[in-house]
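Undergrad: Chain by chain, the residues:
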Amino acid sequence: MEVLDILARLLVWLVLAPLLPGIINKVKAWVACRQGPPVLQLYFDLARLWSKGVVMSTMASPGFLIAPAVAWVAVVAAAMLMPLGRAGCIFSFDGDVLLLVYLLALARFSTAWGAMETGSAFEGMGAAREVSFAVLAEIGIITAILTLALESGSISLASMFTPPPGPGAALLAVGLFIILLAENCRVPFDDPNTHLELTMIHEVMVLDHSGPPFALILHGAAVKMMLFSALLVQAVLPLAHMPLGLSLAAMAGGIVLVVVAVGLVESLTARLAFRRVPLLLTIGFLFCLFPLLLTWMEGVL
Amino acid sequence: MLTGQPGWSWKSDFLLGGTPLTLLLDAVSAFFLVLLSTVAAAGSIYAIRYWPDSTHPRTAPSGRLWWNAMITGMGLVLTAANGLHFLLGWELFAVSAYFLVSLERGNPQVRAAGWLYLAASHVGTLALFAFFASLAAQTGSWELGPMRDNVELAPLFWLAFLGFGIKAGVFPLHVWLPSAHANAPSHVSALLSGVALKIGIYGLVRFSGWLPTPPGAGWVMAGLGCTSAVLGVAFALGQHDLKRLLAYHSVENIGIILMGLGFATVALERDTPYWGTLALAGGLLHVWNHGLFKSLLFFGAGAVLHATGTRQMSRLGGLWRHMPWTAALFTLGSVAISGLPPLNGFVSEWLIYSGLLLAGMEWNDVAMAVIPAAVLLAVTGALALACFTKVCGVVFLGAPRSAPAERAHECGWGMRGAMLMLAAGCTLIGLFPAMFWQVLSRVAKDWSAVDMSSRAPDALYTLGLTHVALAVLGLAAGVGTIWFLRNRVRRSVTWDCGFSAPSARMQYTAGSFAGIINEWFAWILRPTVHEIRPTTFFPSAAQCASHTPETVLEHVVEPVGHKILRLADKASGFQHGRVQSYIFYLCVAILVLSAAAILSGRS
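Sequences listed follow chains D and H, in order.
Heads up: the first sequence at position 252 corresponds to 232 in this note's numbering, and the numbers run straight through without jumps.
To get this note's numbering, take the position in the second sequence, counting from 1, and add 35.
Treat the hints as calculated values from the structure; they're not laboratory data.
It should be emphasised that the depicted structure is a prediction, and the values quoted were computed from it without experimental measurement.
One or more of the hints may lead you astray.
Per label pair, the in silico range of CB-to-CB distance [unchecked claim]:
1. D:T38 with H:L510: 23 to 33 Å
2. H:I517 with D:P18: 30 to 40 Å
3. H:D184 with D:L266: 40 to 50 Å
4. H:V514 with D:L(-9): 21 to 31 Å
5. H:L500 with D:L252: 36 to 46 Å
6. H:G141 with D:T38: 53 to 63 Å
7. H:S97 with D:L266: 28 to 38 Å
8. H:E441 with D:C13: 49 to 59 Å
9. D:L(-9) with H:R490: 57 to 67 Å
10. H:L500 with D:T142: 22 to 32 Å
11. H:S538 with D:V19: 37 to 47 Å
12. H:R356 with D:L252: 51 to 61 Å
13. H:L463 with D:G133: 30 to 40 Å
14. D:C13 with H:H582: 48 to 58 Å
The C-beta atom is built at its ideal place from N, Cα and C for all residues, glycine as well.
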């Protein structure tokens, strides 16, 4: 039973995740009155990449191929820790939320390592930006986790998500949304579409990857997107208290809503100048800090 | 001792310095002795190939002498239960460390580093002299032991904090640390960073356990811990010298240890709730962890230095090709020090984090302090990750930036073996953390009678299992990818945006990699940049060099030192050899003294 449960969850994460970039692209196309690529485009891309060969830089070590695989394992492992509404987690322990954050950090380390393999200045630039801005994003995430921990009195993901309705939840949603945009390299932090390397963060890190490792990178990015959306939805809606069917439906609806919002932001705003990125991340941190202070005030009074 | 045997003590029949030599071994001493023996053994093996007689005929024999003297001194410090002998051991280890740091005395940089170390170390020793002397004066004997009930002894803790804090390299007392670690031979750097700093931590642990602590001691430790952690890694990011960078990471990790121990001390005043035991366990475990991975990293840096002759990261690059073992082991150490799962660094940071988060739910003054502390710990982790992607990427990956880097060679099996041993230690603690809980609980008991349950928290078992699963899956994914792609890889040049003549010098450098973060910390790093900007439409020469100074040393210690020297110069004007003036000074002194005597007699 346990094994079936694990497999079912794995399937949900691995199979559904590539839908999200498709939805984002559809929303963007819809706003621009274009037809746009089909929602399932990423699946086709992944299948095509999987059957292709790999072109590897002459400078790169075998680590260049291993790094995307390790990063993918880390992201998927982090996703498996995430509870799914009323369905809960496969297993949980006190402090697993920290493991989740640090698994994402492990993925970042691997990706940046892979980027440095090629000796290209572009990829070095991308890696430097990624790890630098991640510092500020990490502050926001830890603050959000502190908020959730104080609200629920628990540091285990299974019982952390008991958000009380109120202004705190709304503020936290905005804060987490900003962090989601930054961590998933979306506009206004990064532009997943641009081909001008100097303005990119994540895309420029994976310039030299190709074939199956690149498929792993794309798929990992989709899983990460779904992971952050699930985190955001559960941090705001009390899904754990709903009946199973309703909570899963609400979760799916919430995740779709989040990615539609990402698509809208992407269509309606431009990418920020790099100097402004820390500023917006700080704003995201403040949006996570205020609910913490609100919880604190309620707790002390 | 760590497996639960009762403590051992020995008292000599003869007198040394007027008191019998007393040795005491309890779990706290044993905990640090295990680290000392592990790192010293690895270092001794490493040094056979790293510093052999054939290449260093003059310094290798004396190096061995001082190496052993230093280990003996540290061993004596760890077991001494007598203030006098503690100081003897302390001085023995401090002085032999000086001779080890300055083995290559021909180089003026090394001499300066050694001198700075000696001076700083003696400021610390002075504080410790004052500490032990006043302790002996108040208790009437040099004997050491638990005396928590004697509340009058509490203020002495601050003297001990100063003395041990300088040795441990707590910010801002770390001024000696970067240059000494950078200029010492690498096996010495490993011993200095992996163990010698921990002797300072041992002192703090020992005397915060044996003596009553003043109120606020825990807060000061935790506060300085946070400062050390964040600023240590910020300074590390600004460095271009591989070993200097690692040295600053020691400041960071000592900060993390102090964070755990500081909050544990705060918890001690509140009868140590559960979160306090977690913070204590994390702080203590980080002592071992840092000893293991930092020695591993210094050995790796030593292998690079041995193979290329330079510590400058901007002259390295592409070393994985010739040094795959060193590159792999150094990366393992980097993952561990950045606190990433599934290695040991994450386990201790996770324990501290868990302690802090749980403390946050108490809704009291502690809770208010742990929230910023947890955020700062997160910042430290993210900055360390940034720093080590920079180091690994710039040193081992990409293309070689200089001829020596192109001709590098892998280190011998002796050096590799030493690194493998430490790497195995890092992995073992990472994958099976619960095995070490009982050791920690015994140390906690001998530290200050903290009653930690002998069974590890369930979460730690689960974390260990998750780590094992993660390691297996990660390995499988890596091996599987290589196997899956074995016939499908084609080699080609790096995509360079159509540029036709790429050069290795076009790669991103260590300085540019850390540029963004350095800018955020410019207020304390005070980096100096010398640049010749390109001019006109066809620029010929352009140059940019940046340097991050040791701000505390150059902007605080040195100006103050110069002021004192200038004052001393002025005072020396009084001493000029004219007998008449000396007689005049005597008369004035007698007059002042008699006036004082009369005035005080009247009142």
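Undergrad: Now look at each hint and say whether the structure bears it out.
TA: Outcome of the hint check:
1. The given range of 23 to 33 Å is respected by D:T38 and H:L510, whose C-beta atoms sit roughly 26 Å from each other.
2. At about 34 Å, the CB distance of H:I517 to D:P18 agrees with the hint of 30 to 40 Å.
3. Range check, H:D184 to D:L266: about 48 Å between beta-carbon atoms, so the 40 to 50 Å window is met.
4. For the pair H:V514 and D:L(-9), the beta carbons lie near 24 Å from each other, so the given range of 21 to 31 Å is met.
5. Distance hint for H:L500 and D:L252: a CB-CB separation of about 42 Å, consistent with the stated range 36 to 46 Å.
6. Taking 53 to 63 Å as the suggested C-beta distance range, the pair H:G141 and D:T38 does not conform, at roughly 41 Å.
7. The given range of 28 to 38 Å is broken by H:S97 and D:L266, whose C-beta atoms sit roughly 58 Å from each other.
8. The hinted range of 49 to 59 Å is satisfied by H:E441 and D:C13, whose Cβ atoms lie roughly 56 Å apart.
9. Remark: the range hint 57 to 67 Å for D:L(-9) to H:R490 is contradicted by a beta-carbon distance near 37 Å.
10. Judged by the Cβ atoms, the range 22 to 32 Å given for H:L500 and D:T142 holds: they are separated by roughly 27 Å.
11. A beta carbon spacing of about 45 Å between H:S538 and D:V19 agrees with the range 37 to 47 Å that was offered as a hint.
12. Taking 51 to 61 Å as the suggested C-beta distance range, the pair H:R356 and D:L252 does not conform, at roughly 39 Å.
13. For H:L463 paired with D:G133, a C-beta distance near 34 Å keeps the hint of 30 to 40 Å intact.
14. Hint check: D:C13 to H:H582, Cβ distance near 55 Å, so the stated range 48 to 58 Å holds.
Checked against the numbered hints above, the structure violates hints 6, 7, 9 and 12; every other hint is satisfied.
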